[in-house]
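**Q** Each chain, letter by letter, is given below.
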Amino acid sequence: MKFETPATQNPIDQMKVIGRATDRIDGPLKTTGMAPYAYERHDVASGQAYGYIVGAAIAKGRITTMDTSRAKAAPGVLTVLSTLDHDKPLPLGMMNIAHLYGGAEIAHYHQAIAFVVAETFEQARAAASLIQTEYARDKGRFDLAAAAPSAPYEPSGSGADAKDIERVGDFAAAYAAAPVTIDQRYTTPGESHAMMEPFATIAGWESEKLTIWTSNQMIAWNKGSLAKALSLKPENIRVDSPYIGGGFGGKLFLRADAVLAALGAKACGRPVKVAMQRPLMINNATHRPATIQRIQLGATKDGKLTAIHHSSTSSNLPDGKPETAIAQTKMLYAAPNREYWLKLAVTDLPEGNAMRAPGEAPGLMVLEMAMDELAEKLGMDPVELRVVNDTQVDPGDPSRPFSQRHLVECLRTGAEKFGWSRRHAKPAQVREGKWLIGMGMAVGFRDSPNTKSAARIRLEKTGRLTVETDMTDIGTGTYTIMAQTAAEMMGVPIDHVKVILGDSDFPVSAGSGGQWGANNATSGLYAACVKLREQVAQQLGFNAADAIFADGKVSAGNRSVPLADAARSGPLTGEDGIDYGDIVKKNQLSTFAGHFVEVAVDAYTGETRIRRMLAVCDAGRILNPKSARSQVIGAMVMGAGAAMMEELAVDKRFGYFVNHDLASYEVPVHADIPHQEVIFLDYPDDKSSPMKAKGIGELGLCGVGAAIANAIYNATGVRVRDYPITLDKHLEKLPAIA
Amino acid sequence: MKSFTYERAKTPAQAAAAVAKQQGAKFLAGGTNLLDLMKLEIETPTHLVDVQDLKLDRIERTDEGGLRIGALVTNTALAADATVRRDYGVLTRAIVAGASGQLRNKATTAGNLLQRTRCPYFYDTNQPCNKRKPGTGCAAIGGFSRQLAVIGSSDHCIATYPSDMAVAMRLLDATVETVKADGKTRSIAMADFHRLPGDTPERDNELERGELITAVTLPRPIGGTHLYHKVRDRASYAFALVSVAAVIQKDGSGRAAFGGVAARPWRVEAAEAAMTQGARAVASGVFAGAKPTEENQFKILLAERTLASVMAQAKG
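From first to last, the protein sequence lines are chains W and U.
Each residue of the first sequence is one higher than the one before, counting from 1 in the working numbering.
Each residue of the second sequence is one higher than the one before, counting from 1 in the working numbering.
Just so you know, these hints were derived from the structure itself, not from any lab.
Hints are supplied without guarantee of correctness; some may be wrong.
[Said to hold, decoys possible] Restraint-style ranges between C-beta atoms, simulated for each label pair:
| id | chain 1 | residue 1 | chain 2 | residue 2 | range |
| --- | --- | --- | --- | --- | --- |
| 1 | W | R612 | U | A82 | 33 to 39 Å |
| 2 | U | Q23 | W | I97 | 56 to 62 Å |
| 3 | W | K733 | U | G223 | 50 to 56 Å |
| 4 | W | D722 | U | T46 | 44 to 50 Å |
| 5 | U | D57 | W | T120 | 55 to 61 Å |
| 6 | U | P134 | W | T64 | 46 to 52 Å |
Ideal placement from N, C-alpha and C gives every residue a C-beta, glycine not left out.
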């Protein structure tokens, strides 16, 4: 099905199942421990042996010798693989720059260099420690701040259109003429996905056919990447990933666990399972790159932005990509004169890549702090500053309207519900005992990408429905919204729908990432359901256009037939996908939020405690308010981490992230998270898809960090522009203790 | 994890003898730290002597009117004990500021005293660390040192000792009771129990090989308001940047000990004379001679301000 014109009235609009707060259909399996995650799939292949990954002890250089003889002789060991078994690295998979395995060169710390397979996990781990590796160290580059001044531009666009600096109007002149300006430098640190479930895979071979039971967000990418890495035909690979214990972008790609399990299984002739040990999870994998950003804002005295400059420098391994921290600035506020650039330095730290809301997350932490600073300088309410600079069109190309944009309503609603009017504009004015109290707000913005997605739905002889697609549920609630979609389309109760996900033998879906999963995957299923409805109608002698699917029956005029009757002579299958025409290019499809936060800062110690958080979200039709809320509050927690504690600490001498476990890379715990509230505006967007939905998974993170930072400033009067805002950064400047 | 042998001792002396006679043997109690370190091959004992059957899990009155806490009393039991809560409130407050409920259920009093540092370089076996592998150097000096020691450190080690419980015990003038392999017992003042690194940072404390902690005794209660304030980067489940244990009397006099700043609980009795003059006066004495790194120098001001907060709280 091609989506080329705005959606009209369709069965989803009935909203009998869609749009209702619905418990996860996979909830009972998860709460009883019956949902099998990759490492727990004991039943899928017999005789599973255990693998253990050895990571490089240096960040840059090469291996001169590796002695695996003692490991090979250790009890229970079946095979020991060395990266030196290969002359050069295995081919790269999609979207990555760091080789996962093979060859003597070490490009980053904890790169996989050996793999031990043994009868038990403990034997594999014990043997791994017996491998003796010698290295020749090279001097690496590990310091973004040192590399930034000489970093080259990362041009936008490509070919003849490539530009170092993107310009609209005349920024320099407008900024020089602006009566009120802000010019500040900000930094955001590297962050880790730090998901609960590590990378984990069981691999098994049947002659030339490889199956991996794994944990991955993007099944088709993973299959294609594994085929490249191992030089296999894609048709000889099956990837199965029905349950995923968090990914946040860390599991978009093929990782070393899958490659090594496959190689290990081949070598020992048995299925091999491996979970990457936690201390390797941070340096072996990808991370959100650190940024150094600069923002200049010029405004009229009544707060109209006239000039915006936003630039960001990040670093990566050679051939890597920058963190696109300027992305939202191109779209968020009207201003006739604009200038943006990215620079990209080369460092030899682990690969920087996508983490939840790549670009927008660190970009908004900075842009929305700068807006707070401008509001203060203007003597204007921060909400009003955003309102007067709202735009209904792409500011860089006014011929492109936003399909919908209810940002002002998000802000007005949020301000009212939160009690924003009680905020003191002057900082450090509110005390409760030893606590300094402050409120802050920020805008959230994130695109809602449209991408192809396919699915299959089968009407079984029993009248039950089975949905099959390689779409994944990374803890987001995909199972449930897919079941809701099928139930709505086919007119059956949700418990008549079985959803099977994450299998590469099924039709290729959007996958989970970039907050594109929900809208596209359900739209793909919508298309498949339309096909099935046609078959059912034909089978039962209805005109598909007239048939009403409701209450387990198909009806038209005064005739009504049980849906199950259509499958009496055998199951019927509808398979199709959604694809998008120009409509999603002519319109800017984005999601919006107003974030409001109240914090208390201990006047003695500088410790910050969040008291209340509110997000008001504009993200099209909300398919399942319950799981959508879970997505948003989870993202708000992530935003709290980014604002207050998360930072990959770089050792600039040895070239690695020092705090590489969950004890030292701190993310928020329950005690850090107070009352959270989410309001959805819930406007169906007919230019987005037949579902009229949009993404929600990343919006909840976008802007949260700045709202917290602005609240801390409002509490203390101390502006900290280097995230995370740990107590040491404002302690000395806190107001005198009464 | 390296292979090891295992036995369960029946008496304290037997346990001490079992560890003394075998190079590389260690005691195992709650295992909340040792087992983690074994999995990472930071600790590689050849033999474990499990002490859980030693019946050292009672809290009793001493003849002097204090309290004897058995080595195997769990952190949870100790924190919840009615006498401890009434007479030694700072100890309860310190214990519940540490770890999680699950860990405290398993962790023991002696084991808590023997926790190893959480220095990230100690935890990464690829990196030099004089505490883990003597003579290899200290990667933390010149490295990521935000969490590490500001005082009492040496050119060989800047690790901190992570216990909260021990900070309160140091404040309360606790004594560690031990038994050695030959059956002889001794008492070590908490003030002397943990060692500063000097040039032997691999030795965290004064225990000899095979010497087993049997109890910790507390002197008679000292009254006053008991407070423990642990400052960290998140609200719970993290090691202290700085912690302050204090007992403050009605007249403003009192005691203060600091955690998260050194290789042992840090208390300077001479500086406590200044308690009535305020936190700055005390802190300047407590931290005289401090040698912080650029990354952790904030801890000195933080310690002073945390003490000020505790003093204000005591006033009510």
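**Q** Could you tell me whether the CB distance from W:K733 to U:G223 stays inside 50 to 56 Å?
**A** violated (38 Å)
**Q** Just tell me: holds or violated, for the beta carbon distance of U:Q23 and W:I97 against 56 to 62 Å?
**A** Distance hint for U:Q23, W:I97 is violated at roughly 48 Å.
**Q** Quick one: are U:D57 and W:T120 within 55 to 61 Å, going by C-beta?
**A** For W:T120 against U:D57, whose Cβ atoms are near 33 Å apart, the range 55 to 61 Å is violated.
**Q** Range hint 46 to 52 Å: satisfied by the CB atoms of U:P134 and W:T64?
**A** Because 26 Å falls outside the window, the suggested range is violated.
**Q** Assuming the hint says 33 to 39 Å, is it satisfied by the Cβ distance from W:R612 to U:A82 or not?
**A** holds (37 Å)
**Q** Falls inside 44 to 50 Å, the C-beta gap from W:D722 to U:T46?
**A** holds (47 Å)
Violated hints for the displayed structure, listed by number in ascending order: 2, 3, 5 and 6.
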